[in-house]
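The chain contents come next:
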Amino acid sequence: MNDLLATLAVVLGTALGLLSAIGIVRMSDVYIRLQVASKASSLGIALLMLGVAAHFDTLSVTVRALMVVVFLFLTAPVAAHVIGRAAYLTGVPVSDATKVDELAGAYDPDSGRLAGKRQTDDVGGHTAADDG
Amino acid sequence: MDGVPDLVIELALLVLAISLLLTFWRLVRGPSLMDRVVALELIASLVAGIVAVYAIGTDAPEIIDVAIALALVAFLGAVAFARYAERALRP
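Chains as they are written, first to last, in the working numbering: chain U, -8 to 123; chain F, 895 to 985.
No lab work stands behind these hints, which were simulated from the structure alone.
Don't take each hint at face value.
[Said to hold, decoys possible] Over 10 Å on every C-beta distance to chain F, these chain U residues come out as not near it, computed from the model:
| # | residue |
| --- | --- |
| 1 | D(-6) |
| 2 | A6 |
| 3 | A28 |
| 4 | A88 |
| 5 | E93 |
| 6 | L94 |
| 7 | L105 |
[Unchecked claim] Facing chain F, according to a computed beta carbon distance under 8 Å, are these residues of chain U, among others:
| # | residue |
| --- | --- |
| 8 | I23 |
| 9 | R24 |
| 10 | M40 |
| 11 | A56 |
| 12 | L57 |
| 13 | V61 |
| 14 | T66 |
| 15 | I74 |
| 16 | T81 |
| 17 | V85 |
| 18 | S86 |
| 19 | G96 |
All values reported here derive from a predicted model rather than from experimental measurement.
A virtual CB, placed ideally from N, CA and C, is assigned to each residue, including glycine.
Just need the whole structure built from these sequences, with the hints factored in.
Here you go:
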């Protein structure tokens, strides 16, 4: 039973690793690649660690595998956010297929902080003026 | 069934190595610095996966510590790169 679970987890985790690698080659801009790299690979590593825990089936190994998974799930979103923010602030272009860029004009270019008001005219957002 | 079959371990290592090569292609190709940082982070994750599969294949549970250290260092590296790029490359 444990062997079957370990085999299944290794196969699925490896498949997710391959998927994230294919995604990072095929996707069209850095923001989409970021999604692929952080989500698919997090789940892939989590499954591989499940495989490790199921294969060895001792407390010390299970705790270590769990530590890797918890740490990965805590840090992957933070890293993805920091990288995405840095990419947007340094002016990495979005893909041509992007229809709506809701952050356009929202960042103050000098301080790098959110300016608080958006240029709603080119985003097409719903404002109070539309209701009047 | 006695442990994970050797064929599964070997195929998993092969597929993960191919994934590593694909990611390395993105690391070389770019085009922006942040693309390379994303590729580096994925490479660290894939190597942690290879370590996990290798630990199962060789029945050596102590190798898992390597995966822990790798996950820690990769996160710090990505954050440091992003902070540096934000300060240095802002247009």
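Contradicted hints - numbers only: 1, 2, 3, 8, 12, 13, 17, 18, 19
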